[in-house]
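Student: Residues per chain, in single letters:
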Amino acid sequence: MRRTPLDLVRAEPGPAYTVTFDGREIPVLPGQTAAAALWSAGITSWRTTRRTGEPRGVFCGIGVCFDCLVTINGRPNQRACLVPAEPGDVITTQEGTGHDGRN
Amino acid sequence: MGGTEQHTLVVIGAGPAGIAAALAAADAGVRVTIVDSAPQAGGQFYRRPAAGLGARRPQALHHAWGTWESLNARLQAHIAADRIRHLTDHHVWFVERLETAFTVHALVGPEQTDPDTVTADAVVLATGGYEKVLPFPGWTLPGVVTAGGAQAMLKGGLVLPGRTVVVAGTGPLLMPVAAGLAAAGATIAAYIESADPKSLVRHASTLARNPAKLAEGAQYGAALARHGVPVRMRHTVVRAHGTARLEAVTVAALDAEGRIRPGTGRRIACDTLAVGHGMLPHTDLAETLGCALDGVRVAVDAEQRTDVPGIWAAGEATGIGGAVLSLAEGEIAGHSVAAQLQGTDPDPRGWSAAAKTRSRLRAFFAAIDTVYAPPAHWPESVTDETVLCRCEEVTAGEIREAVEGLGAGDLRTVKLLTRAGMGWCQGRICAPGVAGVAGCPADTARRPFARPVPLGVLAGPADTEPNRHH
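These protein sequence lines map, in sequence, to chains H and E. For the first sequence, my numbering gives the first residue as 1, with consecutive numbering after it. For the second sequence, my numbering gives the first residue as 1001, with consecutive numbering after it.
Any given hint could be a false lead.
Stretches of chain H that chain E covers, calculated by requiring three or more beta carbons in the stretch to come under 8 Å of a beta carbon on chain E [stated by the list, open to error]:
#1 7-18
#2 21-35
#3 42-52
#4 55-66
#5 75-84
Which chain E residues face chain H? A few, computed with CB under 7 Å, are given here [stated by the list, open to error]:
#6 1057
#7 1149
#8 1152
#9 1244
#10 1390
#11 1424
Hints in this document: simulated from the structure, not taken from any laboratory. Cβ atoms here follow ideal geometry from the backbone N, Cα and C, with glycine treated the same way.
Based on the provided sequences and hints, a complete structural model is requested.
Tutor: Dropping the structure here:
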């Protein structure tokens, strides 16, 4: 089996919990950000841009670029790379500004 | 600064420079508050997994972990003794100059909506740096991340962006990024460096004075060889391919002038591209305070003082040079602050070791800078369709039209005509790319605030803000 980052640092994480992304349940380890949880589930985009509707996800990973904006519990424009994923969070793809349409 | 009251220092940033400054000042009896945006101390270099992840060997993702352990032990001792206060999750957006003091304005929590302030006699700006990424076709595809971003997500969240990674760009940061991703289980399909590190031999004497840095480089080189990573020097990524996400990149060889050699393009399948072209200092807070800059960095004197009395700066805000240089600069700043606040003559003998380290490493990174530069002709590969401003979705074609059709000759005019740099990131990401494609100098942006601020915070009366610290 392939080595994982958790193996590398001999992690013994607390119990996992779940959040949903566009209705799909995904597991989260305590302390992970929304972006880390989404990456763990193999998801790399969670926003479409305002002008051309292009998919976006993490770019800078440290809160500078704002590319990873996402809607969490109905609140748009959250930086997924900074915001911790809390048990039961409802994470949804942010379409455009997140203030129109289904968000 | 009042009578018998104990003098206070606020340090902005809890990376190596900020912690070193706080420790030196606190050791000398100054009361210190560290204000930092992260949930735990360490900055980008010593970013650690969240406590809940239970990492028993965090050092597996780090170089020189022992340095961190001793710094952190000293920090925790000062915090326990109430000599240092550490405010986490505080995102500073403005430093206000009062008559004899400074008020630091921050937004609290990851959502950054609630205001908080700290007032102190002196400020150390240890705001660090961020990564520069030059644009190329396909760089907005999900799966293309900054090299430092991939490393930050790995160090903090113990996650990988994908399974098959190409690491590309230029600069010494790419080595630990590739080695870390490989150790954590990613396959590094290629390591693409546009510079030719062989030209470092021109700086042999500077290198010889920095054996620890050379050993560090050799360690990473050995790690890449052990993982069987194909390394290509004087190569560059020409294009990232994919529709909904990254599927492959095309890389090509560069000639001696930094142009792509025709016919050398080769496609490499990958799900992740970790890319970076060096680092830039965070100077927003210094600029709003009116501190002089030296190029893109905050200008400081031998004691790390800016030209604004009461404001010091240390670490990558004053020039990119890594953690060890940041520690030295922070230590010098902390000594200088303490002497000035306590009205004693600063004694440079107290920081002579740090000063030696500083001059040795500044020379080393000046040499590194001349070698690791992006290919001279990179804008020629940027097609008109390529989005340069990721926030406002402004293409290279629109920038070229502003310059060639509308006569824009500087970044500010380009921005006003195209909106490039007006979005969420305020041009931090796109400025070098827009400047390169437009052919104008990449001057600093002079942003009024260091981050987006809710209007309610700006409109609220200052004296009714909650959690006001003194």
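Student: Now tell me, hint by hint, if it's right for this structure.
Tutor: We went through each hint and held it up to the structure:
Counting residues of the segment 7-18 of chain H whose C-beta sits closer than 8 Å to any C-beta of chain E gives 8, which meets the bar of three, so the coverage hint holds. With 6 residues having a beta carbon nearer than 8 Å to a beta carbon of chain E, the segment 21-35 of chain H meets the requirement of three or more and the stated coverage holds. For the segment 42-52 of chain H, the stated coverage by chain E is satisfied: 6 residues place a CB nearer than 8 Å to a CB of that chain, which reaches the threshold of 3. Counting residues of the segment 55-66 of chain H whose C-beta sits closer than 8 Å to any C-beta of chain E gives 12, which meets the bar of three, so the coverage hint holds.
Coverage of the segment 75-84 of chain H by chain E holds [criterion: at least 3 residues with CB-CB distance below 8 Å; count 7]. About 5 Å separates the beta-carbon of residue 1057 of chain E from the nearest beta-carbon of chain H, less than 7 Å, and the hint is met. Annotation: residue 1149 of chain E was flagged as interfacial toward chain H, and the flag holds, the nearest CB pair being 3 Å apart, inside 7 Å. Below 7 Å, beta-carbon pairs count as interface contacts, and residue 1152 of chain E has one with chain H at about 4 Å; its hint therefore holds.
A least Cβ separation of about 6 Å between residue 1244 of chain E and chain H falls short of the 7 Å threshold, and the interface hint therefore holds. With a cut of 7 Å, the hint placing residue 1390 of chain E at the interface with chain H holds, because the nearest CB-to-CB distance is about 6 Å. With a least beta-carbon distance of about 3 Å to chain H, the hint placing residue 1424 of chain E at the interface is held under the 7 Å criterion.
Hint violations for this structure: none, all hints satisfied.
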